[in-house]
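Student: Listed here are the chains, written in short residue letters.
2 protein chains.
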Amino acid sequence: MLKGNAIVAQSGGPTAVINSSVCGVAQQWLKNEQIGTLYGALFGIRGVLEGRLVDLGAQSQEVIAGLRYTPGAALGSSRYKLKTEEDYIKLLEAFKKYNIRYFFYIGGNDSMDTCDKVNRLAEKNNYEMRVIGIPKTVDNDLPVTDHCPGYGSAARYIATSVLEAGMDLKNLITGNRIVLFEAMGRNTGWLAAASVLARREPGDAPHLIYLPEVPFNKDRFLADVEAVYRKNDYAFVVVSEGLVDEKGDYIFAGKERDSFGHAQLGGLADTLRGMIEAETGVKVRTIIPATLQRSAMHCVSGNDNEEAYRLGVEAVNMALQGQSGIMLTLVREEGTPYRCSIGSTELAKVANVEKKVPREWITREGNDVTADFINYARPLIEGELSLPMKGGLPLFSSLEGVSFQELRVALR
Amino acid sequence: MLKGNAIVAQSGGPTAVINSSVCGVAQQWLKNEQIGTLYGALFGIRGVLEGRLVDLGAQSQEVIAGLRYTPGAALGSSRYKLKTEEDYIKLLEAFKKYNIRYFFYIGGNDSMDTCDKVNRLAEKNNYEMRVIGIPKTVDNDLPVTDHCPGYGSAARYIATSVLEAGMDLKNLITGNRIVLFEAMGRNTGWLAAASVLARREPGDAPHLIYLPEVPFNKDRFLADVEAVYRKNDYAFVVVSEGLVDEKGDYIFAGKERDSFGHAQLGGLADTLRGMIEAETGVKVRTIIPATLQRSAMHCVSGNDNEEAYRLGVEAVNMALQGQSGIMLTLVREEGTPYRCSIGSTELAKVANVEKKVPREWITREGNDVTADFINYARPLIEGELSLPMKGGLPLFSSLEGVSFQELRVALR
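From first to last, the protein sequence lines stand for chains A and B.
All residue numbers for the first sequence refer to our numbering, where the first residue is 1 and numbers rise by one.
All residue numbers for the second sequence refer to our numbering, where the first residue is 1 and numbers rise by one.
The following block holds chain A by itself, in its conformation from the complex (with noise of 0.2 Å):
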């Protein structure tokens, strides 16, 4: 057994489950703390280049037990991209320096990348270490495992959101009559999809679903929604932020890109709220969730949480039995009740790869899905998951004696 510290450490946005992992990492790896140190790296990567380390050892055991119920990046998270030599030197030294030999990153398809660098760079130094990454994003488009921790979570709260607001919407005869609600995902329609286990019945909210994996058409867009008012009196309507023309540009895309070079999206719904509004005459309302579909503890999935955490677990164990350059996937079995077992992957087979939904379980109109799809959302959004509460509201977890608000002023 390879002794020595480890590093967990969080990156990209935050979902709802991410700390889940976190959680059974240092419960699953404190089980065997003779073999070192667990250190939470803070914000990330740079939390490692800076020297910003945290033992989570000792950290009280029921801080450690309420980020099971923690939404948000307890250990803080950023988007550094790993680019110069420089970056690559100030690493080794940071690993050789804490003698870290186990390195856990939770990411998705930008993270996974650093997380294979990180494995590359140790290997080309010869530098013993185990490497895992641990799956996470809400918009679900890692490849190989069937599906991401966080999705399921964000996917119940749109489902639930649409949910009701098309109840609100379907027995008011004044008003906005048509809703626009704009979905996260930013290269694919995952999260906008997600929106029709709101439907229980013919007719339910949301009529129309529009994927970034169908090219956008103006014309055909309008009619749609011309052709369901007209029939309904009314109409929902679920956007993905991340629509595309036919040449694959952005209909809303600010100027701005992210540190990752990715253009940031937003305000989507108020461009196709506009053409509605012109060509219809009808008044629209937009529902912008945004960082609430990733946040919205409240409305976690039972199954997505106790996912994220037994992906913690395995990493440990694993890394424990010598396995590395890996990313956990999660691997559905067959048949009911819906059943996951964990596997892994390459690193390198998940980097910046992106997993789109299956044209298949897009309609051939482009406006909504198909029944495999509802198959396959379904049980991700199951699971009921009693929260602590204290006046009304959940009661979530922080890391004892770390101030992330001075931190993150230092790191400015």
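Heads up, some of the hints might be wrong.
Because identical chains share one entry, a pair is satisfied inside a single copy or across any pair of copies.
[What the hints assert, rightly or not] Keeping only pairs whose Cα atoms sit at most 25 Å apart, straight-line, the calculated PhoX-like set for lysine-lysine is:
hint	residue 1	residue 2
1	81	283
2	3	97
3	83	283
4	3	90
Hints are computed from structural coordinates only; laboratory data are not their basis.
Given chain A's structure and the hints, the job is docking chain B onto it.
Tutor: Then chain B, alone, in the frame of chain A:
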């Protein structure tokens, strides 16, 4: 005891608990069935005008009981304003035709005006009828009553959302560092103010809260946001959709007016986002939950749900005791634990009157609320309610044998 039939109707925007009041009316009335039939008027007063009535006694007990857990307007709702002489003639004819002697109307300010008009119409025509208003509005702007059913649940949804989106923002150091959360509230800031309940420790989100009760000053607003951002490296700002300038003009308002003549709001957050980005160069993310605020049954306040139900029950009791021309009120008792009894006030005293957040509950700077507001609002979001669930989503009730879909097309 006045014998005859009864109508219960819903008016204006739905809330998470408006059907809980219908449930209270129905269950209490059906205990006294010998008095007459209880009709639900579909789509509010329009259902009375057009003879669209459904016998609630013919619905199954399960459907009626399920209304306590159902958002939206289970009877249908509208914002129809009684205007013409013809309307009044039709109303009186409908009352006589169906021998309606009891009228229960669930709504907000404008609806209490309608209720008052119905009462005067009956009195003027010596038509004996008991007319009772049951308060409802997420805006919490009805006078006399301590608070309005619907407010506590919307407040809980807002506080929960700001708590969770605040967790998402605070430990993530890449991306949008300023978040603008747009709360509902046409002319009052009760809903925006409720976001303060998310703040458990100093420094927690929300950092700034703007209500329409204090004239909006662009320079002061930008200076506030910039100061918080410079100090913390991030800022979470809550704004009420109804913000107005010194002259009383909305900061953002479309040209459209609703059927009561009120400006239709929306788009404020985007206007403010533009201001902040231009001034600071910092990227801003907007969260616009819109109707999720008033439909989020999955986040319902147990206290709110219970009070809405009790008001329905008491409306029947008071009407059977011979009272009329009143709106029921919630009367908060002194001390702790929190308790409310039910009182009443004349309809004429509440019709079209708006209760604003007291200036002394808003800080002198006009960008936050005080402990007095917190003490007022906290108990209103408390109380846990276990919802019936199916497939990871809440299970709702709907009237049997009524096609709202066909009816809304017919009423178009």
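Student: Determine for every hint whether it applies to the structure shown.
Tutor: Against the structure, the hints come out as follows:
no.: 1; hint: 81 / 283; result: between (43 Å within a copy, 19 Å between copies)
no.: 2; hint: 3 / 97; result: within (15 Å within a copy, 88 Å between copies)
no.: 3; hint: 83 / 283; result: between (48 Å within a copy, 24 Å between copies)
no.: 4; hint: 3 / 90; result: within (22 Å within a copy, 86 Å between copies)
Taken one by one, the earlier hints all hold for this structure without exception.
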